[in-house]
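Undergrad: Residues per chain are reported as follows:
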Amino acid sequence: MSEPINRRGWLTATVGAMGAAFLAGCDKIGQDPKAVNFVSKAEGLTRRVQRLVIDRKALAREFTPADISPVFKPNGSISPADPEYRAHLLKGFADYRLVVDGLVERPLALSLAEVRALPSRTQITRHDCVEGWSAIGKWTGARLGPLLDKAGLKKNARYIVFYCGDTLEETLDGSGQYYESIDLIDAYHPQTILAYQLNDKVLPVSNGAPLRLRVERQLGYKQAKYVMRLEAVEDFSHISRGNGGFWEDRGYEWYAGI
Amino acid sequence: MNSPMTTQDRAAKPKKVLVYRHRGVTRLTHWLNVLAVTFLLMSGLEIFNAHPALYWGQKATFDQPWISMGAAQKADHTIGVTRIGSLTLETTGVLGYSGPPGMQEERGFPAWATLPSSRDLADGRRWHFFFAWLFVINGLTYWIVSLINGHIRKDLAPTIADLKPKNVWHEIVTHAKLRFPKGEEARHYNVLQKGAYLAVALVLLPMMVATGLTMSPGFNAAAPWLLDLFGGRQSARTLHFISASLVVGFILLHLAMVVASGTWNNIRSMITGRYAIEVPDPAVPPSQVLGAAE
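Listed in order, the protein sequences are those of chains A and B. All letters in the first sequence, in the order written, are residues 1 to 258 by this note's numbering. All letters in the second sequence, in the order written, are residues 1 to 294 by this note's numbering.
Note that these hints are calculated values from the structure, not bench results. The C-beta atom is built at its ideal place from N, Cα and C for all residues, glycine as well. Please note that a few of the clues may not be correct.
Not close to chain A: a few residues of chain B, all C-beta gaps over 12 Å, as computed [unchecked claim]:
1) Ala53
2) Ser118
3) Gly150
4) His170
5) Leu213
6) Arg237
7) Asn265
Here are some, though not all, of the chain A residues that point toward chain B, as calculated from beta-carbon distances under 7 Å [stated by the list, open to error]:
8) Cys26
9) Val36
10) Ser40
11) Thr46
12) Gln50
13) Arg61
14) Trp133
15) Ile136
16) Pro190
17) Gly257
Extracted from the complex, chain A is given alone in its bound form (with noise of 0.2 Å):
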C-alpha cells in the first residue's frame, strides 16, 4: 500500500464521517419542535415586512382570457360527503344561506341569489398551490368589503373566519373541518371576492360551489371553498385548534403570501 492511498482512504474516511455526522445532525435539529418553533418565528416579520412594502390596495397581477389554465386543478375536497352539503347539492343550494354573523351590527342570511346582487367583481387571476404549480382562472363573485358594510363590522373585529361546509381530515373532535381567516387589510381588498363563477361558468363543486373565498395576494389553502358562514372576531385562538384555518392548525403559516 503505498502512502497516497492511505492518505486518500483516510481523507474520504473523514469527510465521509463528517458528512454522515452533519447529516444526522440537520435530521436531528430537523425534527426538534424546539427548533422548528424558533424558526417559526420568521413568519411574524415576513408577514410585517410584506405588509409594509406591499401597498394595501395594490392588485395582484390580472391576466388575459388567452392565459386561462384549460383545467383549473381542484385541490383539497374536490366532492364532500358531508351531509349538510350533499342535501345543499341535491336541492340546488335554493335553501342555502350564507350567514354572516359574529361581531356585526346586523346579522345576515343571504341565498345565492342575493349574493349575485351585491356589487360584484371579475377578474382574471394566477391560484399558487404551496406545493408549488399555479392555475390561472377567471372569478367572478361578490367583493367582501360591501358585504361586510351590510352587516357593519362593530369596531372590535379584526379578523374574518370562513366555515366550509367540507370536512377534509376525519377527527373525533371535529377540527378537520375546514376553515380559514383572513384581517381585515385582505378582507376590504378590492380583489377579495366570494366567487360564484369560474370561468364564466357556474363554480363547479370541485372548486367550491357554491361559493369559495378569493384572496389574490395569499396561497391557494387560503381560498377557502365551499363556504357556508363568515364570522367577524377579535380573535382566533378559540376555534378549532387555534391556529386560524385548518392548514395552519397543520403546522402552515396564517400569513400565506410567500
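For chain A, the structure is supplied; the task is to place chain B on it using the hints.
TA: For chain B alone, coordinates are given in the frame of chain A:
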C-alpha cells in the same frame, strides 16, 4: 503587475509569512452564509419535493413539465425516473424513488438531502424562510460593508492586467494543472477567483432572492415587474432551481480548489484572517507584510 521573478529565482529558502487576507466582516459573513445556504438548499429541496416538476411561464402545464421526478413501474418492481424533456432517465435510489430497503417511497430528492428528512412541506417552508432572512440580512451586510471598505473595488474588481486574454488563459491553464499562484502573486486574488466570487456574490446569490420573491403572490402585487423580468411565476421557480444548482456547482468547485490549494491554510485564513504565503526575502519585516495584502 508582479514579475515572475519570485521564489524559484532565488537560492534562498522561501520563508513562510502570514499575511492578513480576510477582514473580520468578510469572515463572519462567509460563515453565516455557509450556514444559511446549507439550510436553504436542504429545505429548498423539501419544498421542491412537494411538487417535483418544473415549468416555464406564468402557470403550470401539468402534463408538460420540462423536468419531473417520480416513480414508475418496470416489470414487477418500482423504479425512480427523472424526465427531462423527452428524455427519461432511471434514477432509482436518488431521484424519484428512494429510501432504505423496504421503505422506499416516491419522492423527488432523497431523504438525506432534504430538511426535514421526512415529507413535511410546512416545516420545510419554516426552515426556508427563517434562513432566507438570515441570508438576505447577511448578504446586504456583506455588500454594504464591502462597498464602503473597498473590498469589492480593491480585492474583487478585476484590473485591466487581470482581464488580458493572455493572463486569463494563463490562469485557466495553471488552475487546470492545479498549480496555484505562489509568493507575491498569492497576495491577491487571481482573475478566476475574482470572476467566480463576483459572479456568485453580485449575480447568483441576488438571483436566488429575486426569483424567490417572484414566487411570492404577496410580493407580486408590490413588484409585478419581477414577473415580467423572469417570464412568470413558474419560470421564476425554474430559475430559482437552476440558480440553486449553480450555487451547488460553485460550492463543489470552491471546496475542490480549497483542498487543492492548501486546505488548512485556506480554512485558517477564513477563520483567523491569516494566510501563509512564501516570500523569497527573509528580510521583509512582518509589519510591512501585514496590511499589504489588502
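Undergrad: Go through the numbered hints given earlier and state which of them the structure violates, listing their numbers in rising order.
TA: 1, 2, 5, 6 and 16
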